[in-house]
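K.L.:
If you want the building blocks of each chain, they are given just below.
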Amino acid sequence: MSKGFEKILDECLERLIQGESIEECLARYPEQAAELEPLLKAALTVREASALEPRPELKAQIGSRLRSVIEVRGQRRVFRLGWGWALAIGMVLLLMIASTSTVVAASGSLPDEPLYPVKIAMEHVRLWLTPSDMGKAKLHARFVNRRIDEIAQMAGKDKPEVVARVIHRLEGHLEVIPRLVREREIHALRQFLEQNAATNLGILHTLEEKKPALGPALKRAREIYTQTLHAIEEVEK
Amino acid sequence: MHDERGLVERAKSGDTQALARLYEENFDRVYRYIALRVGNAADAEDLTAKVFIKMLESIASFKWRGVPFSAWLFRIAHNLAVDHLRQKAKKGHLVLDESMAVSEIDPAAVAEIRLSIEQLNIALEQLTQNQKEVMALRFGAGLSTAEAAKVLGKREGAVKALQHSALMALRKRLSSWRNDE
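The listed protein sequences derive, respectively, from chains A and B.
In this text, residue positions in the first sequence follow the numbering used here: the first is 46, and each later residue adds one.
In this text, residue positions in the second sequence follow the numbering used here: the first is 85, and each later residue adds one.
Derived from the structure by calculation, the hints contain no laboratory data.
All C-beta atoms, glycine included, are put in the ideal place defined by N, C-alpha and C.
Be aware that one or more of the hints could be misleading.
As the list claims (entries may be wrong) - Taking lysine to aspartate or glutamate and the EDC-like style, the derived pairs with C-alpha atoms no more than 20 Å apart in a straight line are:
| hint | chain 1 | residue 1 | chain 2 | residue 2 |
| --- | --- | --- | --- | --- |
| 1 | B | Lys-256 | A | Glu-93 |
| 2 | A | Lys-104 | B | Glu-109 |
| 3 | B | Lys-134 | A | Glu-102 |
| 4 | A | Lys-104 | B | Glu-209 |
| 5 | A | Lys-52 | B | Glu-109 |
To be verified - The following label-pair restraints were derived from C-beta to C-beta distances:
| hint | chain 1 | residue 1 | chain 2 | residue 2 | range |
| --- | --- | --- | --- | --- | --- |
| 6 | A | Arg-73 | B | Glu-141 | 38 to 48 Å |
| 7 | A | Glu-76 | B | Gly-241 | 14 to 24 Å |
| 8 | B | Phe-146 | A | Ala-72 | 18 to 28 Å |
| 9 | B | Glu-109 | A | Arg-60 | 18 to 28 Å |
| 10 | A | Asn-241 | B | Gly-90 | 49 to 59 Å |
| 11 | A | Ser-66 | B | Ser-259 | 15 to 25 Å |
| 12 | A | Gln-106 | B | Arg-170 | 25 to 35 Å |
| 13 | B | Ser-259 | A | Glu-76 | 17 to 27 Å |
| 14 | A | Gln-236 | B | Asn-214 | 58 to 68 Å |
| 15 | B | Phe-146 | A | Ala-242 | 37 to 47 Å |
| 16 | A | Gly-247 | B | Gly-90 | 34 to 44 Å |
| 17 | A | Gly-260 | B | Glu-109 | 15 to 25 Å |
Work out the full structure: start from the sequences and follow the hints.
P.N.:
And the structure:
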């Protein structure tokens, strides 16, 4: 076969992939139409059969695994030579030995403040030091409330990039909760989550209306929040 | 993909939002490519996860050398699929899993599409590994010929020739089935 024909075939395939019909492709090359048509039909059959769709939950599951990998890598980095984080961890450890004023101050810090990494590091340490899955789930549920407060405050300061980072953290907490809880232990956690859900979802919804630029991210956070509540309900059933 | 370079640079520096976007934008096509290569939903899911974990581990070392990010990503997918197929080769025939869903199913066309999956499974078995690879990259991943060439380390002309010969073989197989009906 000539290279010219392969080029024409490739162009038609490209157009077919973009959504053009076989007839339109053939109309462009009437001289090659007889030769092109059966190949394009075969290509269309392959393309239709190739439209395989993964399980709807697969993307979220793998995404969650990736976030865990990112988190673990971040923690490893702390123990390498990340001066800022190493300092943060050091300060957290100091808090655990004797409550220092710096770390206490960090506990109320916001995502745009220098001591915020200390606050996050403290949260990680608390999670590491909590042996049971249920205990970890409860901590994550508390951190959900913190993240919502931070989102509200950062949105108030018109800092969309910071809000986006905090929303990402919020999603991480929400997604990990259902994986940690056990059927027998779930009631108290569900109560805690539900007590706060109306307020937290209300805050996100209000911000969504007030800050259109953040709308999609906030909407997604609300959806994940609702999915988490449903997931907890399902486990309890 | 808009401003792919900027997005990849942000991802390289550890920006989780950028990583998430690269994941979102490439997930479906990586899955489809792998599913076509390995022909089994469970294996396709495991390998898809491995592709993105590998992406996460290696993206810091990614360098722009005239190769688009998608070609680099599908090179990872290609290598993992090849390793997987080598391991599975001893166990024999690979079959496209019928439990795989087909997107945007038109209820009236379900029977026809299911038949197409079965046909595709058998028909793909008639192709050489290189031809199957090109079909999976072009129709599963939706890559252009140029991108597929980068993934396979071949010239564009060679990919076009493989594409042509693969479609000839598939046409022959499909028309023989039609004649049998």
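K.L.:
Any hints this thing doesn't respect? Which numbers, in order?
P.N.:
4, 5, 8 and 10
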